[in-house]
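Following the hints, put chain C in place on chain A, whose structure we already have.
Taken in order, these protein sequences are the chains called A and C. The opening position of the first sequence corresponds to residue -2 in this note's numbering, with each subsequent residue numbered one higher. The opening position of the second sequence corresponds to residue -2 in this note's numbering, with each subsequent residue numbered one higher.
Please note that a few of the clues may not be correct.
Here are the simulated SDA-like cross-link-like pairs (lysine to any residue), alpha carbons at most 20 Å apart as the crow flies [to be verified]: (1) Lys237(C) with Tyr321(A); (2) Lys247(C) with Ser253(A); (3) Lys241(A) with Glu293(C); (4) Lys247(A) with Glu293(C); (5) Lys70(A) with Leu352(A); (6) Lys247(A) with Glu127(C); (7) Lys232(C) with Ser314(A).
Everything labelled a hint here was simulated from the structure, so no lab data went into it.
If you want the building blocks of each chain, they are given just below.
Number of protein chains: 2
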Amino acid sequence: MAEQSFGIVETKFFTFAESPHEMTLKSGIKLGPITIAYETYGQLNADKSNAILIFHALTGDAHAAGMHKDAKKPGWWDGMIGPDKAFDTNKYFIISSNCLGSCKGSTGPASINPKTGKPYGLSFPVITIEDMVVAQHKLIQHLGIKQLLSVAGGSMGGLQALLWTIRYPDMVKSVIAVATNHRHTAQQIALHEVCRQAIMSDPDWQAGDYYGKAVPARGMALSRMIGHITYMSEKSMDEKFGRKLIGKEKLGYDFSTDFEVENYLKYRGDSFVQRFDANSYLYLTKALDYFDIADEGNLNTVFKNTKSHFLVVAFTSDWLYPAYQSKEFVKALKGGGLDVSYVEINTNYGHDAFLVEIEGQSHLVKHFLARMENEPPV
Amino acid sequence: MAEQSFGIVETKFFTFAESPHEMTLKSGIKLGPITIAYETYGQLNADKSNAILIFHALTGDAHAAGMHKDAKKPGWWDGMIGPDKAFDTNKYFIISSNCLGSCKGSTGPASINPKTGKPYGLSFPVITIEDMVVAQHKLIQHLGIKQLLSVAGGSMGGLQALLWTIRYPDMVKSVIAVATNHRHTAQQIALHEVCRQAIMSDPDWQAGDYYGKAVPARGMALSRMIGHITYMSEKSMDEKFGRKLIGKEKLGYDFSTDFEVENYLKYRGDSFVQRFDANSYLYLTKALDYFDIADEGNLNTVFKNTKSHFLVVAFTSDWLYPAYQSKEFVKALKGGGLDVSYVEINTNYGHDAFLVEIEGQSHLVKHFLARMENEPPV
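Isolated chain A, as found in the complex (with noise of 0.2 Å):
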């Protein structure tokens, strides 16, 4: 695995406003001007043929490669993204933008509504991956991009990658979608339920108008140690904590923490705390389960026009993303003709896995882009 990073980079933002300020959401609604975070590495070459656009997952943000100035931890896919990696900024040029709804840079309901002065809070409107999709392409068309090489992200970001080949057809020349899948299912909704329940019954959410107040820390925190079950496996949670108590000989017989797997839990909710923004986490589990590529309609037909290739990845022992779901769009895919590669990754990481089986990721991507070179535009 080449250790390289791609240095210090910064975040930038691109905002658009449609005829006259505001674009159309899959709502009906109509939301603008609108900013897009993101930021880029590599060089964009001569035929604008070598861009690839990196989708982030529910929490994470435009950086995903390289160091912030004074940061002490790189982008969220640096192992993957840099010289020599997987997405190879010596022959490829990437470009990582923050989605529609989140609050690290892009607009979302932490943002300032332009017609109140004040923050949106639940004033903004209910937004779609398609929402998302839309607004990624404003930024990719301001770039000057006709067709990207690829489109490419885990969990939420290939939800955006599978619909980025059904929105624009003739921009996509290859997909790389990992541990997702074409629809949420009950239990994906049901976990979001709970997590957006605990945040809409902290008292301080105050009905999302708590900008400038307290936070709802407590509902966040309790979200956070849920979605990190659901991220790890159960496997990969008994080898690493076990049974194993913090910093006490033997168990407490009291209600105060007895095993390091709550310590990390409780670790883990109050740093999410500090870095996201309640509000964002309700728009965007809403946006996920509200997620249905077919829209409730046939899989089979949704892919028609569609001319990218496919690298599909899933994750033994994801149980969030479960292999079953890829397969079921890949189905769709192998049926409507698509050239698709199909890889299971053998790990005991969970959903976790697409963010640190690199190595494995890093030699099917790597040699999956550089067919994508050869292949002819769509």
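Leaving out everything else, chain C in the frame of chain A:
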């Protein structure tokens, strides 16, 4: 499957007090007097050789079979217990007891502390599965039974069954352990910790001192929502709910309820608030998390004095108590030369299967018990 019910039953109560009035818990703390709620079905035979002790799961109670007067629903295992059923009340004397620490008639945190005249609340000592078993043992002694034909339970009930044969090897002819394990794992602890934090971070919890005031309803409901997700399998949730909308033609594009699965969880959460005590939930989940049958020691030696015969049942889609966990203690039992039947029932029902897969379990239990009748006492 027999449809005949045992008929009208009443819960009975047994109160005991060791010298002077207390039982020493595993923690070393003394508690007493202790009341155990229990029900019985069928008749104890002359030589008292036909008694079977049944244990409920986390939020269950002593009312396992038959109907309470004016009730609408029978006991929680009515499909398994009754005339001609698996636990045949024409042949066996069935005892079902509510565990120590619960809020269904046995002494627990909602009980009145005789020293203060007020509910214990958090002054109730942390109890263990072993303490539950010791309290049940007093009840069995009180009933004059020297040896139980069987001890049987699913989930938390299974843990108690396994501990009975270790703690009282001369009193247990056979063990029926369903959907259970020999130690709680990191994921199980993690899920319980989220539930506890949900309750404890509800302002109405008031450090456990909410009796006579508002109960921590929001935290309770969240806990139960999480619980129900873990009791079902991904598959059974998808089969039952899929992406079905609740009373609307299309998505609402707001934060009201859209999907049936959300509504189901809300209903389950709200009804739990009415029927269970929040502090009991804290104490019982803690007892589960503390459970390691080998007390963090060697599983292969812990059954050394055991002489019981075993029927162990697991369910293929149970991800809360996965089948591999049953196999771990089955291996230890077989390694000790014990008579063990292990069966994995193929089902989509997840952990709930122990309550709903009546036909498959009945067949196994009926034949196992018939065989036990012919075995000599241990």
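How the hints compare with the structure:
no.	hint	result
1	Lys237(C) with Tyr321(A)	18 Å, holds
2	Lys247(C) with Ser253(A)	45 Å, violated
3	Lys241(A) with Glu293(C)	10 Å, holds
4	Lys247(A) with Glu293(C)	10 Å, holds
5	Lys70(A) with Leu352(A)	14 Å, holds
6	Lys247(A) with Glu127(C)	16 Å, holds
7	Lys232(C) with Ser314(A)	16 Å, holds
The structure shown violates just one earlier hint, number 2.
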